[in-house]
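Asks: Below, each chain spelled out in residue letters.
2 protein chains.
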Amino acid sequence: MSLNLQTHTEHFTNPLYLESGRILEPYDITYETYGILNEDKNNVIVICHALTGSHHAAGLYEGENKAGWWDGLIGPNKTVDTNKYFVICTNVIGSCFGSTGPMSMMYPHHEPYRYKFPVVSIKDMVKAQRILFDRLGIHEVEAIIGGSMGGMQALQFAINYPNFAKKIISMATTYATQPWAIAFNKVASEAILKDPDFKDGNYNPKDIKENGLSGMAIGRMAGHISFLSHHSMAEKFGREYKRNDGLFELFGKFQVESYLEYNGQNFTKWFDPLTYLYITKAINIFDLARGYDSLDEALKNVTCKLHLIGFKSDMLFLSEEMKVIGDTLKNIGNTNHDYFEVDSDYGHDAFLVELDKFDTYVKEVLDGKE
Amino acid sequence: MSLNLQTHTEHFTNPLYLESGRILEPYDITYETYGILNEDKNNVIVICHALTGSHHAAGLYEGENKAGWWDGLIGPNKTVDTNKYFVICTNVIGSCFGSTGPMSMMYPHHEPYRYKFPVVSIKDMVKAQRILFDRLGIHEVEAIIGGSMGGMQALQFAINYPNFAKKIISMATTYATQPWAIAFNKVASEAILKDPDFKDGNYNPKDIKENGLSGMAIGRMAGHISFLSHHSMAEKFGREYKRNDGLFELFGKFQVESYLEYNGQNFTKWFDPLTYLYITKAINIFDLARGYDSLDEALKNVTCKLHLIGFKSDMLFLSEEMKVIGDTLKNIGNTNHDYFEVDSDYGHDAFLVELDKFDTYVKEVLDGKE
Chain A
1 MSLNLQTHTE HFTNPLYLES GRILEPYDIT YETYGILNED KNNVIVICHA
51 LTGSHHAAGL YEGENKAGWW DGLIGPNKTV DTNKYFVICT NVIGSCFGST
101 GPMSMMYPHH EPYRYKFPVV SIKDMVKAQR ILFDRLGIHE VEAIIGGSMG
151 GMQALQFAIN YPNFAKKIIS MATTYATQPW AIAFNKVASE AILKDPDFKD
201 GNYNPKDIKE NGLSGMAIGR MAGHISFLSH HSMAEKFGRE YKRNDGLFEL
251 FGKFQVESYL EYNGQNFTKW FDPLTYLYIT KAINIFDLAR GYDSLDEALK
301 NVTCKLHLIG FKSDMLFLSE EMKVIGDTLK NIGNTNHDYF EVDSDYGHDA
351 FLVELDKFDT YVKEVLDGKE
Chain B
1 MSLNLQTHTE HFTNPLYLES GRILEPYDIT YETYGILNED KNNVIVICHA
51 LTGSHHAAGL YEGENKAGWW DGLIGPNKTV DTNKYFVICT NVIGSCFGST
101 GPMSMMYPHH EPYRYKFPVV SIKDMVKAQR ILFDRLGIHE VEAIIGGSMG
151 GMQALQFAIN YPNFAKKIIS MATTYATQPW AIAFNKVASE AILKDPDFKD
201 GNYNPKDIKE NGLSGMAIGR MAGHISFLSH HSMAEKFGRE YKRNDGLFEL
251 FGKFQVESYL EYNGQNFTKW FDPLTYLYIT KAINIFDLAR GYDSLDEALK
301 NVTCKLHLIG FKSDMLFLSE EMKVIGDTLK NIGNTNHDYF EVDSDYGHDA
351 FLVELDKFDT YVKEVLDGKE
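Chains as they are written, first to last, in our numbering: chain A, 1 to 370; chain B, 1 to 370.
Any given hint might turn out to be false.
Stated by the list, open to error - The calculated DSS-like cross-link candidates involving lysine-lysine, where the alpha carbons are at most 25 Å apart (straight line), are:
#, chain 1, residue 1, chain 2, residue 2
1, A, 209, A, 199
2, A, 194, B, 269
3, A, 312, B, 312
4, A, 253, B, 116
5, B, 199, A, 199
6, A, 194, B, 209
7, B, 253, A, 116
8, B, 194, A, 242
9, B, 194, A, 194
10, B, 167, B, 312
11, B, 194, A, 269
12, A, 194, B, 206
13, A, 269, A, 66
14, A, 312, A, 323
15, B, 194, A, 206
16, A, 253, B, 199
17, B, 194, A, 209
18, A, 194, B, 199
19, A, 116, A, 269
20, A, 199, B, 194
21, A, 194, B, 253
22, B, 236, A, 323
23, A, 253, B, 194
24, A, 194, B, 242
25, B, 199, B, 116
26, B, 116, A, 242
27, B, 167, B, 363
28, B, 323, A, 312
29, B, 253, A, 199
30, B, 194, B, 209
31, A, 323, B, 312
32, B, 323, A, 236
33, B, 369, B, 312
34, A, 166, A, 84
35, A, 116, B, 242
36, A, 363, A, 312
Just so you know, the hints here were simulated from the structure itself, not pulled from any lab data.
With the hints as constraints, model all of the structure from the sequences given.
Replies: What follows is the structure, encoded as C-alpha cells:
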C-alpha cells in the first residue's frame with residue numbers, strides 16, 4: 001500500500017486557553033496523516049515533532065527530494081507501519097509551518113502577531129493537538145511517539161490526558177529542561193535579538209528568507225553543537241581542513257567550521273526567527289512538575305504504559321535525565337514503564353539519525369511485546 | 001615573605017620566526033614574577049595562561065580587589081611557594097595585555113596590525129617565552145605548569161625544549177584540539193565577525209571598552225557553556241527564574257541566562273575582539289603532532305617528567321584526551337610520566353576553581369614525591 005500522505009489545516013474559532021492565562025483565538029492547526037483511519041478510529045499513532053521540525057514526518061512532497069524527518073521510521077511495512085496504523089503528526093502551536101504562530105496574522109488585523117503572540121508551553125501544544133483529535137473524532141490512540149521537544153509533548157500527554165494513549169514512547173528528552181540546554185538556547189536568542197536585521201522583531205520575512213539572518217545562523221551553530229557529541233564530531237570531521245585553505249590563514253577553515261556555517265546559514269532560509277524565540281521559550285519553561293508539588297505527584301497521573309528511551313551520548317538531554325523519570329515512576333510504585341538506553345556515540349541527533357538502534361524496540365512496543 | 005609581585009615588559013628587536021613562515025618584528029613580552037630569583041637562577045617555575053588569561057596569575061594590583069587567576073595556587077607558603085620558587089608568567093604573543101598582538105602598533109607605522117597580524121601558534125607562544133627566559137639568563141627551570149591553553153604550552157615546551165624544564169604539569173587540555181572545541185570557537189568568531197560594531201576589524205577599541213560588543217558577548221556565552229558542565233550548571237543555577245520576571249514573559253529570564261548575559265557583556269569590556277579571533281585560531285590549530293609523522297613521534301622528544309591532569313567532567317577537553325597522551329607515552333616506552341584524574345563535576349573551569357582537588361598533587365610533584 002502507498003503511504004497515503006495527506007496534509008490538512010483545521011481552523012478553530014473557539015479560544016485556546018493557554019497555561020499563561022492568555023488565549024489564542026482563532027487558531028489553525030496544520031497536520032499530516034499517513035495510512036488510513038479505520039472505521040472505529042482506533043488505529044491511530046500520534047507523532048510529535050521537535051524544535052525545528054514540522055508535521056511533515058514522512059514521505060516526499062512532489063518535486064522535493066528530502067523526505068519527512070522520521071521517514072525511516074514511518075511508512076508501509078516500516079516500524080510505524082502505515083498499512084496498519086493511521087499516523088498523525090501536527091505542527092505545534094507557535095511554530096511556523098501552518099499552525100498559528102508569532103508570524104500568523106493577528107485576527108482581526110492583517111498584521112502578524114510578532115511580540116504580541118502569547119508564550120505557549122508544551123502543555124498548550126499538547127492541548128491544541130487534543131482538541132484537533134477531538135474534532136477528527138479520535139478519542140483514543142494506540143500510541144504517541146516523540147523525541148526531544150516531541151518527547152516532552154509525549155510526556156505531557158501522559159500526565160494531562162492519561163487515558164488518551166495506550167502507549168507512550170518518549171525519547172531523548174527530559175522531565176524539566178536543565179540549565180545546560182537553556183544556556184544553548186540563550187546563545188541563540190541573544191544572537192537573534194542582537195542582529196540589526198532582526199529589526200527588534202519587525203523584520204520582513206521575505207528579506208530573511210532571501211538574505212538569511214546571521215544572528216539566527218550563529219544560534220543554530222550553537223544548536224548543532226548541542227545536537228552532536230565530541231565523538232560524533234570527531235568521527236564526522238576530525239581535524240580536516242577545508243581544501244585550499246591555509247592552516248595559518250586567520251580565516252582558513254576546519255571542516256567542522258564549514259559544516260556549522262553551511263547549516264547555520266541554510267537554516268535561516270527555512271525557519272522563522274520569532275518562532276525560534278517562542279519555541280525555545282516553550283522548551284526552556286518545560287517542567288512536568290509545574291502545577292504539582294513535585295515530579296512524583298505529576299507522574300502519579302500516568303496510567304498508560306510509558307516507554308522511555310535515552311541515548312548514551314546525548315549532550316543536550318542526558319540519558320540520566322530520562323532515567324530520573326523511570327526512577328521516579330518506580331519510587332511511586334508505577335510498574336508499568338520501562339527504560340531503554342541506546343548505546344550511541346552520535347549525541348542528541350541519534351534519535352533522528354540512528355533509527356536502526358531503536359526501531360526494533362519501538363516495533364516491539366507497538367506489537368505489544370515490550 | 002611577601003609575594004614580591006613585579007610586572008615587566010621586555011622589548012625584542014630581533015625577528016621572531018613564526019611557524020607560519022612569517023616574522024614578528026619587533027615585539028614585546030609582558031611578564032610578571034613572584035618570589036626571588038636565586039643566584040644560580042635555578043629556582044624558576046613557569047606558569048602558562050589560558051585563552052583569556054594574562055601574566056597576572058597571582059597577587060593583587062593596587063586599588064583592585066580581584067587577585068590573579070591562580071592566586072589560590074601561587075604565593076608565600078602556597079602550593080607553588082614563592083618563598084622557595086621564582087615564578088614567572090608571561091602574557092602570550094598574540095594576546096592583548098602587554099605582549100605584542102593584533103592591536104599593537106605595527107612598526108614603523110603608528111597603526112595597529114589588525115588583520116595584518118600574523119597567525120601565531122602555541123609553538124610560537126612557547127618560542128617567544130623561551131627567548132625571554134634566555135634574555136633573563138634562565139636556561140633551565142624547575143617546572144612548567146599550565147591548564148587549558150596553558151596546558152598546551154606546557155606540552156609544547158616538553159616537545160620543543162625537552163631539556164628546559166625538569167618537570168612539566170599539563171592539565172585540562174589535549175594533544176590536538178578536537179572539532180567539539182573548534183565548534184565552540186566558531187560560534188564566537190562568527191558572532192564577532194557578523195557584529196556591525198566590529199566594523200570588519202576596524203573598530204575603535206575605546207568604543208568597545210565603553211559600549212561592549214554584543215557579538216563577542218554572544219561568543220563568550222557559548223564559551224561559558226563549554227567551560228561548565230551539565231552538573232555544575234544545574235547546581236549553580238537550577239531552574240531558578242530571575243526575581244520579578246514572569247515565567248510566561250518571552251523575555252523573562254532564568255538565572256543561567258542572567259549569568260551568561262552578565263559575563264558575556266562584561267567580557268567585552270576587558271578583552272579585545274581581534275585578539276579573541278587570533279588566540280582561538282592558535283587553539284584551533286594546536287596539534288602536538290604537527291611536523292611529525294604521528295603523535296608517537298612527537299612525544300618521543302619528551303625527556304622530562306610529564307604530569308598529566310585530567311578533569312572528569314571537563315566538557316571542553318575530555319579527560320580521555322589527556323589519557324591519550326599518557327597512553328601514547330606508555331606505548332612508546334616512556335615510563336617517566338603519570339596521569340592524575342580529578343574527580344570533579346565542575347567542568348573545564350575546575351582547573352581554575354577547584355584547586356583543592358589537585359593542589360596536593362601539584363605540591364607532591366614539585367616536592368619530588370610524585
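Asks: Run every hint past the structure and note whether it holds.
Replies: Hints and how they fare:
1. 209(A) / 199(A): holds, 15 Å
2. 194(A) / 269(B): holds, 17 Å
3. 312(A) / 312(B): holds, 17 Å
4. 253(A) / 116(B): Answer holds: residue 253(A) to residue 116(B) is near 18 Å, not above 25 Å.
5. 199(B) / 199(A): It holds: about 19 Å lies between the C-alpha atoms, which stays within 25 Å.
6. 194(A) / 209(B): holds, 18 Å
7. 253(B) / 116(A): Given that 25 Å is the threshold and the Cα spacing comes to 18 Å, the pair holds.
8. 194(B) / 242(A): holds, 21 Å
9. 194(B) / 194(A): Between residue 194(B) and residue 194(A) the Cα gap is close to 10 Å, so the pair holds against 25 Å.
10. 167(B) / 312(B): holds, 23 Å
11. 194(B) / 269(A): holds, 17 Å
12. 194(A) / 206(B): Between residue 194(A) and residue 206(B) the Cα gap is close to 20 Å, so the pair holds against 25 Å.
13. 269(A) / 66(A): The hint holds at about 15 Å.
14. 312(A) / 323(A): Holds, at roughly 11 Å.
15. 194(B) / 206(A): The hint holds at about 20 Å.
16. 253(A) / 199(B): holds, 21 Å
17. 194(B) / 209(A): This hinted pair holds, its Cα atoms lying about 18 Å apart.
18. 194(A) / 199(B): holds, 15 Å
19. 116(A) / 269(A): The given pair, whose Cα atoms are some 23 Å apart, holds under the 25 Å limit.
20. 199(A) / 194(B): holds, 15 Å
21. 194(A) / 253(B): The hint holds at about 16 Å.
22. 236(B) / 323(A): holds, 22 Å
23. 253(A) / 194(B): The hint holds at about 16 Å.
24. 194(A) / 242(B): holds, 21 Å
25. 199(B) / 116(B): holds, 15 Å
26. 116(B) / 242(A): Judged against 25 Å, a Cα distance of about 22 Å means the pair holds.
27. 167(B) / 363(B): At roughly 12 Å apart (the allowed maximum being 25 Å), residue 363(B) and residue 167(B) satisfy the hint.
28. 323(B) / 312(A): Status holds; Cα separation ~21 Å.
29. 253(B) / 199(A): It holds: about 21 Å lies between the C-alpha atoms, which stays within 25 Å.
30. 194(B) / 209(B): Holds, because 18 Å separates the two Cα atoms, which is no more than 25 Å.
31. 323(A) / 312(B): holds, 21 Å
32. 323(B) / 236(A): holds, 22 Å
33. 369(B) / 312(B): holds, 24 Å
34. 166(A) / 84(A): Distance ~16 Å between residue 166(A) and residue 84(A) Cα, so the pair holds.
35. 116(A) / 242(B): holds, 22 Å
36. 363(A) / 312(A): holds, 20 Å
Hint compliance for this structure: every hint is met.
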